[in-house]
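A.B. asks: Sequence:
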Amino acid sequence: MKENGVLGGVLVPRTRRFLVGGILFSLFVILLNLLIAYAVRRYYPRSRAKKERRSRRRSGSGSGNGKNSGRGKHKERKRSDPKVILLVGMPGSGKSTWLKQYKGRCDDSCRIVDEDELRVEITGKFDDFSKEDELCAAMINAIVRHISEKHNVVVESNRYVLDEKFRKQIISTVPSCRLLVKEFDIKAHFAQARLAKDAEEGKRHHTYTETELEDWEVRQLEAKELFKKEGWSQMH
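Each position in the sequence shown, counted from 1, maps to that position plus 656 in the working numbering.
No lab work stands behind these hints, which were simulated from the structure alone.
Any given hint could be a false lead.
[Unchecked claim] With a Cα cut of at most 30 Å, we get these calculated DSSO-like pairs of lysine-lysine:
| id | residue 1 | residue 2 |
| --- | --- | --- |
| 1 | Lys787 | Lys821 |
| 2 | Lys781 | Lys884 |
| 3 | Lys756 | Lys739 |
| 4 | Lys880 | Lys787 |
| 5 | Lys853 | Lys824 |
| 6 | Lys739 | Lys838 |
| 7 | Lys853 | Lys756 |
| 8 | Lys734 | Lys843 |
Please build the complete structure, drawing on both the sequences and the hints.
C.D. replies: Written as structure tokens, this is what we have:
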């Protein structure tokens, strides 16, 4: 009996120590697992997100037929790139007046591609429309030349800026540049009154009826819906 009592007295402390050690080890393992789980949740998603962003950037830059190619395969445009500014408005809307102020106050080094002036150079008359294909090519070539020389270009044209084909030709042909549109909204009867006043003052203009100017107003609204899709930004 005494031996059993002594043996029991020895085993009980050992059993307790074993249980305590087991509990402590289990707690350690649980704590370690919690730390690992926290570390995985804390750091792994960021790393994965970074990899995904890098992958998207690579695929975006390497894609020749992606979003940018839909806009005439233009290079990515930067704020430092020269600008092509289309003046969009019917005759008598104030484009020429605005251009004089813009060139005098904002950008005296900008180059102006004027439809009427080029028509006179090609045909000898501002109202001779017999060589429009040659005129269109001359306008595109002038824009390309000035942009290549890092000049901003203002396109002053009543007809061609409303021509979707002409605008797309600029986008596909002209080197990297910023595409801007300056719109001049005016009602047809106001424009006709301005043109009549200019005629009285001896200024040279094409003659337009109010009906023709109203049709112009409709075409300008139609073009306005396409500008953003084509990549042109509004100039305020």
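A.B. asks: If a hint holds in the structure, say so; if it doesn't, say that too.
C.D. replies: Do the hints match the structure? See the list:
For the suggested pair Lys787 and Lys821, the alpha carbons sit about 17 Å apart, so the restraint of at most 30 Å is met. Among the hinted pairs, Lys781 with Lys884 is inconsistent with the structure: their alpha-carbon atoms are about 35 Å apart, more than 30 Å. Under the criterion of a C-alpha separation no larger than 30 Å, the hint pairing Lys756 with Lys739 is consistent with the structure, at around 17 Å. For the hint pairing Lys880 with Lys787, the CA-to-CA distance comes to about 27 Å; that is within 30 Å, so the pair holds.
For the given pair, Lys853 sits about 35 Å from Lys824 by alpha-carbon distance, which is inconsistent with the 30 Å threshold. A distance of roughly 12 Å separates the Cα atoms of Lys739 and Lys838; the hinted pair therefore holds under the 30 Å criterion. Simply put, Lys853 and Lys756 have alpha-carbon atoms about 19 Å apart, close enough for the 30 Å limit, and the pair holds. The suggested pairing of Lys734 with Lys843 is violated, with an alpha-carbon distance near 35 Å, which exceeds 30 Å.
Going through the hint list in order, the structure does not satisfy hints 2, 5, 8.
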